[in-house]
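Residue strings, one per chain:
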Amino acid sequence: MSDKSSDPKKINCAKKMRDIMTTYYLDAMTAEQNNKQVAWITSGGPVEPLVAMDIIPIYPENHGAMIGASKMGEDLCIKAENMGYSSDLCSYARTDISIGGLPKPDMLICCNNICGTVLKWYEVQARYYNVPLFILDTPICHTRYSPEVAKYVRAQIDEYIIFLEKITKRKFDYDKMAQVGKLAYESQVLWQKVLNTTAHKPSPMSAFDAFFFLALIVTLRGTQIAVGFYKDLLAEMRQRIKDGISMVPNEKHRLLWDNLPIWYRLKWLSNKFSDHNACLVADTYTSAWCGAIKYTDKNNFLDSIAEAYTRIYLNIGVDQMANQVLDMIKFYDVNGFVMHSNRSCKPYSFGQMDIMRIVREKTDIPVLMIEADMVDPRNFSHSQVETRIDAFMEIIKQRSR
Amino acid sequence: MKEIKIFHNALKDVSALASKIKENQKKIIGYLCSYAPEELIYAAGFHPMRLFSSKSDIILAENHLQTYCCSLVRGILEDSLSGRLDFLDGTVFPHTCDSIQRLSDIWRMQGRYEFFADVILPAKLNTQSARTYMVDVLTRFKKDLEAAINREITDADLQKSIKKFNLIRSNLSKIYALQSKKPGIIKGADLYAIVKGSMIMDKDEVANLLPVIVNNLEKTDAPETKGKRIVLTGSICDSPDIYSVIETAGGIIVGDDLCTGQRWFEGLTLEDDAPLVAIAERYMGRMICPAKHSSPTARGENIVSLARKNKAAGVVFLLLKFCDPHAFDYPYLKEFLEKEGIKTLLIEIDDQQQNLGQLSTRFETFIHYI
Ligand code: SF4
Ligand code: SF4
Numbered sequence: 001m002s003d004k005s006s007d008p009k010k011i012n013c014a015k016k017m018r019d020i021m022t023t024y025y026l027d028a029m030t031a032e033q034n035n036k037q038v039a040w041i042t043s044g045g046p047v048e049p050l051v052a053m054d055i056i057p058i059y060p061e062n063h064g065a066m067i068g069a070s071k072m073g074e075d076l077c078i079k080a081e082n083m084g085y086s087s088d089l090c091s092y093a094r095t096d097i098s099i100g101g102l103p104k105p106d107m108l109i110c111c112n113n114i115c116g117t118v119l120k121w122y123e124v125q126a127r128y129y130n131v132p133l134f135i136l137d138t139p140i141c142h143t144r145y146s147p148e149v150a151k152y153v154r155a156q157i158d159e160y161i162i163f164l165e166k167i168t169k170r171k172f173d174y175d176k177m178a179q180v181g182k183l184a185y186e187s188q189v190l191w192q193k194v195l196n197t198t199a200h201k202p203s204p205m206s207a208f209d210a211f212f213f214l215a216l217i218v219t220l221r222g223t224q225i226a227v228g229f230y231k232d233l234l235a236e237m238r239q240r241i242k243d244g245i246s247m248v249p250n251e252k253h254r255l256l257w258d259n260l261p262i263w264y265r266l267k268w269l270s271n272k273f274s275d276h277n278a279c280l281v282a283d284t285y286t287s288a289w290c291g292a293i294k295y296t297d298k299n300n301f302l303d304s305i306a307e308a309y310t311r312i313y314l315n316i317g318v319d320q321m322a323n324q325v326l327d328m329i330k331f332y333d334v335n336g337f338v339m340h341s342n343r344s345c346k347p348y349s350f351g352q353m354d355i356m357r358i359v360r361e362k363t364d365i366p367v368l369m370i371e372a373d374m375v376d377p378r379n380f381s382h383s384q385v386e387t388r389i390d391a392f393m394e395i396i397k398q399r400s401r
Numbered sequence: 001m002k003e004i005k006i007f008h009n010a011l012k013d014v015s016a017l018a019s020k021i022k023e024n025q026k027k028i029i030g031y032l033c034s035y036a037p038e039e040l041i042y043a044a045g046f047h048p049m050r051l052f053s054s055k056s057d058i059i060l061a062e063n064h065l066q067t068y069c070c071s072l073v074r075g076i077l078e079d080s081l082s083g084r085l086d087f088l089d090g091t092v093f094p095h096t097c098d099s100i101q102r103l104s105d106i107w108r109m110q111g112r113y114e115f116f117a118d119v120i121l122p123a124k125l126n127t128q129s130a131r132t133y134m135v136d137v138l139t140r141f142k143k144d145l146e147a148a149i150n151r152e153i154t155d156a157d158l159q160k161s162i163k164k165f166n167l168i169r170s171n172l173s174k175i176y177a178l179q180s181k182k183p184g185i186i187k188g189a190d191l192y193a194i195v196k197g198s199m200i201m202d203k204d205e206v207a208n209l210l211p212v213i214v215n216n217l218e219k220t221d222a223p224e225t226k227g228k229r230i231v232l233t234g235s236i237c238d239s240p241d242i243y244s245v246i247e248t249a250g251g252i253i254v255g256d257d258l259c260t261g262q263r264w265f266e267g268l269t270l271e272d273d274a275p276l277v278a279i280a281e282r283y284m285g286r287m288i289c290p291a292k293h294s295s296p297t298a299r300g301e302n303i304v305s306l307a308r309k310n311k312a313a314g315v316v317f318l319l320l321k322f323c324d325p326h327a328f329d330y331p332y333l334k335e336f337l338e339k340e341g342i343k344t345l346l347i348e349i350d351d352q353q354q355n356l357g358q359l360s361t362r363f364e365t366f367i368h369y370i
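Protein chains in written order, with this note's numbering: chain A, 1 to 401; chain B, 1 to 370.
Rather than coming from a laboratory, the hints here were simulated on the basis of the structure.
For glycine and all other residues, C-beta sits at the position ideal for the given N, C-alpha and C.
Any given hint could be a false lead.
Between beta-carbon pairs, the in silico distance windows are [claimed, not checked]:
1. E386/A x N9/B: 34 to 44 Å
2. T143/A x R308/B: 39 to 49 Å
3. Q324/A x S19/B: 40 to 50 Å
4. R378/A x E62/B: 19 to 29 Å
Listed below are the simulated DMTMM-like cross-link pairs for lysine to aspartate or glutamate, each with C-alpha atoms no more than 20 Å apart in a straight line [said to hold, decoys possible]:
5. K321/B x E81/A
6. K142/B x D89/B
7. K203/B x D190/B
8. K2/B x E218/B
9. K203/B x D13/B
10. K142/B x E148/A
11. K151/A x D364/A
12. K79/A x E340/B
13. K334/B x E148/A
14. K22/B x E218/B
15. K334/B x D275/A
16. K252/A x E371/A
17. K10/A x E32/A
18. K187/B x E335/B
19. K36/A x D106/A
20. K321/B x E348/B
21. K151/A x E335/B
22. K252/A x D232/A
23. K26/B x E218/B
24. K163/B x D272/B
25. K160/B x E218/B
26. K15/A x D232/A
27. K164/B x E335/B
28. K160/B x E335/B
29. K143/B x D88/A
30. K321/B x E371/A
31. K321/B x D88/A
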């Protein structure tokens, strides 16, 4: 990644973010001593009511990403397989089920807007920890957000609050909720702005940086900390643009990435593309945490989150996903599209081939699909991926001549 | 029994079966999941038909679904793309697993058949709001069907349909109960043909045949077999060979928790309630599929009680490779069963191909050991 100390391209906010994340994990680890309750929540779940209730949210998926990045994925996946979990299951789930290591939850909050996997995964944890499980069921919007879905999800937001009141034995604080909602909204807007800065040529950061800076919008959404941080990050990006600092020194080619990162190969991939003077300027993954802000009403947060949380990127039809990809191709003005076909994540990966076809029909940019897995390196063939990237970059170079 | 023969024959050639159905002016609506509201489809005058993969080589579906998608989903897409399902007038996709959800998108974008509907049922089945939503979704589906046929579906239509399905379901339950009581009176392959046939054949024909079979079985004495009692669990089992292999190895299938078995037909729809509410109630109360939630331990308790009720010596897990919902449940179901002293065997199947030789050795070892 971009944080080698000798590197002039280094993003200063990276250290700040590490510190914030360390504090956050320390808080979580000591929650019990401080009489705070801990909720495990899925990455796409509505965390804001937890923040309003002063409950510490923990994201096993974020932990999964950290495990992947620190290359512990393989061992933990094998451990899960020895427990009887098939090697074909999502590697975030497999690592989480096998490692433990996170602060014990007092409750589990599972929102199935990202996949059906989380439903099963949280059932596993509900049995293991024997704690209450709340499921926010957000029916997939293949073609539309229907009135019956709106009614159903809205009703569940109230059920969610009742659930929290019951477990904490405290009244829900609607005023605090309104504040938290505003902060959540603000941080999402800021995050979108940060991501938008990469439309500049050359790009001040890359998707690899976005994968890293994503952690806060996931874990600390709804707090002043996140708002403050993304303000700083945005300012830094704007300054970099002013100073002409780009992440890839000789940015000639701009690429769009699809699906989760390949956590255990980030650095290698980053260097690989950089060596070809290519920058992954944007991705479909990190923008998922601000893609639905258009449905959020910051002054009427609770009413609007039903829609915002239901209509996120993974919970819509493949044709709508393709439209978003086409928009991104245009907005970031990319000349290549790299798709990670991720064995772990079926809702993200199935349909990719149709998106690829649509992109080929509607644009003239080359598309590359690489087979891998976000955490389990056993499904990654280094030499094959390298050859394919090289060949892909050759095509892009020829076209830009 | 000649009635059972009719089921076997029907399975031999699905397109021939489809043409016969179409001769009677019926349009065919295909579906892939046991949560498809068949009563509604039938009440609209359509023939609801469960789709199975013809297990042909995957060629065209390679352009749409990666190899790590389950063989059922890939196989059915292949059938559609290659024209083998051209007899369909439409399809219905209830909410199930992630793979079927994406298949629904791919299918819709292909637009091969006249009618298409997603029936996005709730994933959790244990709350009042989910119950209300379920009825809302069924109401919407009814409207979609009405738009397609250009007439209203009346309560009387629905009640007639519900009666028909109740008749089919209750007779299938009786056949299973008889097999459990007098193990071996019906061969596994016959059981398979009857259940699968009931999902695809003309409903009136099925409703006529099943009571005759029940009647005959009631009069049949239990055979002198000493097979070990086996319960199957998993998603689908679309291979009659597996049944015969189990029998040859010394087992007798006395019950199942399969999506193409008891999970599909158990439980009746109340006949005098408001029809859509009654259909919703049946889904809420039915033996649960792992893609749905009612409690973290619902399926574990269910499989234990099913195994106990049928005095199973062993439970065989037939799990389709790459099927996430079932794979997630396997470790705990196994643990629940073993705590009760019930032995388990895991067989990972690929709908596309089957190595029977290897399977039979594994079954023999297992059945010998239980
Ligand atoms: S990686 Fe995919 S399957 Fe796994 S938890 Fe995330 S969305 Fe679900
Ligand atoms: S077998 Fe499993 S993965 Fe395949 S369609 Fe059925 S539930 Fe989905």
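### Query
Against the structure shown, which of the earlier numbered hints fail to hold, in ascending order?
Violated hints (numbers, rising): 1, 11, 12, 13, 14, 15, 16, 17, 18, 21, 22, 23, 25, 27, 28 and 29; every other hint is consistent with the structure.
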